[in-house]
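The lines below spell out each chain.
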Amino acid sequence: GAGVSQSPRYKVAKRGQDVALRCDPISGHVSLFWYQQALGQGPEFLTYFQNEAQLDKSGLPSDRFFAERPEGSVSTLKIQRTQQEDSAVYLCASSLMGQIIYEQYFGPGTRLTVT
Amino acid sequence: DAKTTQPPSMDCAEGRAANLPCNHSTISGNEYVYWYRQIHSQGPQYIIHGLKNNETNEMASLIITEDRKSSTLILPHATLRDTAVYYCIVSLFGNEKLTFGTGTRLTIIP
Numbered sequence: 008g009a010g011v012s013q014s015p016r017y018k019v020a021k022r023g024q025d026v027a028l029r030c031d032p033i034s035g036h037v038s039l040f041w042y043q044q045a046l047g048q049g050p051e052f053l054t055y056f057q058n059e060a061q062l063d064k065s066g067l068p069s070d071r072f073f074a075e076r077p078e079g080s081v082s083t084l085k086i087q088r089t090q091q092e093d094s095a096v097y098l099c100a101s102s103l104m105g106q107i108i109y110e111q112y113f114g115p116g117t118r119l120t121v122t
Numbered sequence: 195d196a197k198t199t200q201p202p203s204m205d206c207a208e209g210r211a212a213n214l215p216c217n218h219s220t221i222s223g224n225e226y227v228y229w230y231r232q233i234h235s236q237g238p239q240y241i242i243h244g245l246k247n248n249e250t251n252e253m254a255s256l257i258i259t260e261d262r263k264s265s266t267l268i269l270p271h272a273t274l275r276d277t278a279v280y281y282c283i284v285s286l287f288g289n290e291k292l293t294f295g296t297g298t299r300l301t302i303i304p
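The listed protein sequences correspond, in order, to chains S and C.
As numbered in our numbering, the first sequence has no gaps in its residue numbers, which increase by one up to the final residue, 122.
As numbered in our numbering, the second sequence has no gaps in its residue numbers, which increase by one up to the final residue, 304.
Calculated directly from the structure, the hints in this document are not laboratory data.
Note that beta-carbon positions come from the ideal geometry of N, C-alpha and C, so glycine has one too.
One should not assume that every hint holds.
[Unchecked claim] Computed Cβ-Cβ distance ranges for the label pairs, DEER-style: (1) N251/C / A60/S: 30 to 36 Å; (2) N248/C / V37/S: 29 to 35 Å; (3) S203/C / P15/S: 40 to 46 Å; (4) G23/S / T273/C: 43 to 49 Å; (5) V19/S / P215/C: 38 to 44 Å; (6) E110/S / I268/C: 17 to 23 Å; (7) Q90/S / N251/C: 38 to 44 Å; (8) F73/S / A207/C: 43 to 49 Å; (9) Q90/S / D261/C: 42 to 48 Å; (10) G79/S / H271/C: 38 to 44 Å.
So here's chain C without its partners, still in its complex pose (with noise of 0.2 Å):
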């Protein structure tokens, strides 16, 4: 799987959008893009994930760069509850295994 590289923290103010990057320019063709985060004292909890189109759902939204060697995930209105670890991962689509890295730690500032 290709590696990702995620600044190790950021901050927010609530109410805001939150912009979270990720690199991967090693990227392959048929490689996905997907994201999870974590909650203190919780198990990761899928958010998105994407090819190379960007994608919405409930949750977020996934913008991925054309030459797709990057994107970021975008949560439209930060909330205290959205401070979490999260984990942009790159993997084949039907790989079982998912490679996390250490991620971006999001704190949400009231």
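If we strip away everything but chain S, and leave its shape as in the complex, we get (with noise of 0.2 Å):
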């Protein structure tokens, strides 16, 4: 079946510019997240959603950074006003439970470059 998907695959911003990064969850899945990916680094927790409540927004690096799920489906994480710090991969991954999760279904990423 279909994968968790995330659009666009690459993105490249001017420094200033606001960036719009998608997330296609598995259908069914109730739980969604976010994660930061630095350069040689693992990933890095952003925020979490069950259904369309956003439930832990606590590594969320600034006031820059905005995620939704209005219909508990798609979600999209929003960088309003973009710096070179801003530069990594975004990766999106699905759960299936909302209370037990151990098993998290990640997407490719988008990569982010902020020039």
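Join these two chains into a complex; the hints should help.
Here it is, written out as structure tokens:
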């Protein structure tokens, strides 16, 4: 079946531009996660949704980062006024169960380069 | 979540068993050990998890020491496709956050 998809796969933005990254989770998956992965590092947690509710946004690095999942399916991560330090791969993951999570399914990521 | 320590890199010959160690000496009684791997240019992929008993699935085996302070992931017959970064993660079951660390870069040598 279809896995988690993300678009675009690559995004180049000039410093100061706004970007929007899209995640299509596996159909029926209740939980959705965003991670940020800098070059040579492991992924770092950004935020978590259960259906449309954003239950944890403790990992968002600044108020320039905003995520939403209005209908409990597709999610968008928006970064306003991008900075060079925002350059990273942004990974989305989904999981079937809302309460018991042991396997997260990851998308291929969006590589953001801020110039 | 407890901290984990993994060697930064390992090599293994194709067809041999790859044994990836992980230390988690501060693990608490209700924390699980999870393993994920990340092949180049892909998102991480779940491999296996366990609490205190050894576990096996179609991908790998997980051996957890009796004191739970360390574990080993075993890929029984490594192939070139197993070349990846392997992450050992300790977390409460049901915790929505995964804390990845820097992992072990495993290279399978033909």
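**Q.** Which numbered hints fail
**A.** 3
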